[in-house]
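Asker: Chain residues, written in single-letter form:
2 protein chains.
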Amino acid sequence: MYAEDLEAAAKFYGDMLKLELISWEENRHIFYKCGGGMLLIFNPGHTSAEQTFVNGSPVPLHGAKGPGHLALAVEENDIPQWKERLISYNIEIESEVNWPNGCHSIYFRDPSGNSVELVSSGLWGMD
Amino acid sequence: MYAEDLEAAAKFYGDMLKLELISWEENRHIFYKCGGGMLLIFNPGHTSAEQTFVNGSPVPLHGAKGPGHLALAVEENDIPQWKERLISYNIEIESEVNWPNGCHSIYFRDPSGNSVELVSSGLWGMD
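If you read the protein sequences in the order shown, they are chains A and B. Oh and the first sequence: position 80 is 80 in this note's numbering, straight run, nothing missing. Oh and the second sequence: position 121 is 121 in this note's numbering, straight run, nothing missing.
Be a bit skeptical, because a hint or two may be false.
If several chains are the same, the list does not tell them apart, and a pair holds so long as it fits within one copy or across any two.
As the list claims (entries may be wrong) - Computed cross-link-like contacts, SDA-like style, restricted to lysine to any residue with a CA-CA straight-line distance of at most 25 Å:
id, residue 1, residue 2
1, K11, S95
2, K83, S23
3, K83, D15
4, K83, P60
5, K65, G37
6, K11, I79
7, K65, E75
8, K18, A49
9, K33, V74
10, K83, P58
11, K33, G56
12, K83, V59
13, K18, S121
14, K33, Q81
15, K83, R28
16, K83, N55
17, K83, F53
18, K11, G56
19, K11, P60
20, K33, S48
21, K18, L40
22, K11, N101
23, K65, C103
24, K83, S57
25, K11, G102
26, K65, H104
27, K65, N101
28, K33, P100
It is worth saying that the hints were derived from the structure and are not from the lab.
Construct the entire structure; sequences and hints are all you get.
Answerer: Now the structure itself:
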């Protein structure tokens, strides 16, 4: 995901969504542990323009603009608490979707305008 | 991730990277199982412009432009085989990075120009 304002992204993904911070390189990126994966949030102004080298090798440039999308699996029973938490952070719930298989999603925006979804974890038959 | 040409993305992520296809909605998206998560690849021309409804509720619009980034964990011992496979698909390896902790990454581009990384799975102490 991309966020030009990493401080604002950290308040959203770290404080509000309670993800565990793994790496924060000022003005370049913040990385969060997220289930069995890692959520990488980059400042596109940095990663698309400033070449980083590790042991002499370039890390390729990247950086997209415009709203991306991220879905995070949560327990169905926890969704009401997540809605309360979003409200307490003054985050507007943009939409709620009831999927044909009985799963349920809530959608809202991160501070950069990315579309974030909390979905009950059975949507694709996954834990 | 975003790809305007989903057929080309499917050859790359499905055939070459051998991810398991879960959902393909023509011209809108392809979803792949990827470890404990799901890789969602959307055609931004569709998801940023054409409102989808599920049981009467809107699925929020999104769609970024420009090169995104994705890292997939692989076994360190499998990296030489992945390099051979990339070569056999005429995919250029853009960079190789040796991380300070002993992990190793190879970087290349998907057909849309997104930066894809295969990284030995110990990079963040994860499986």
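Asker: Please flag the earlier hints that this structure goes against, numbers listed from lowest up.
Answerer: Of the numbered hints, 2, 7, 8, 11, 15, 18, 22, 23, 25, 26, 27 do not hold.
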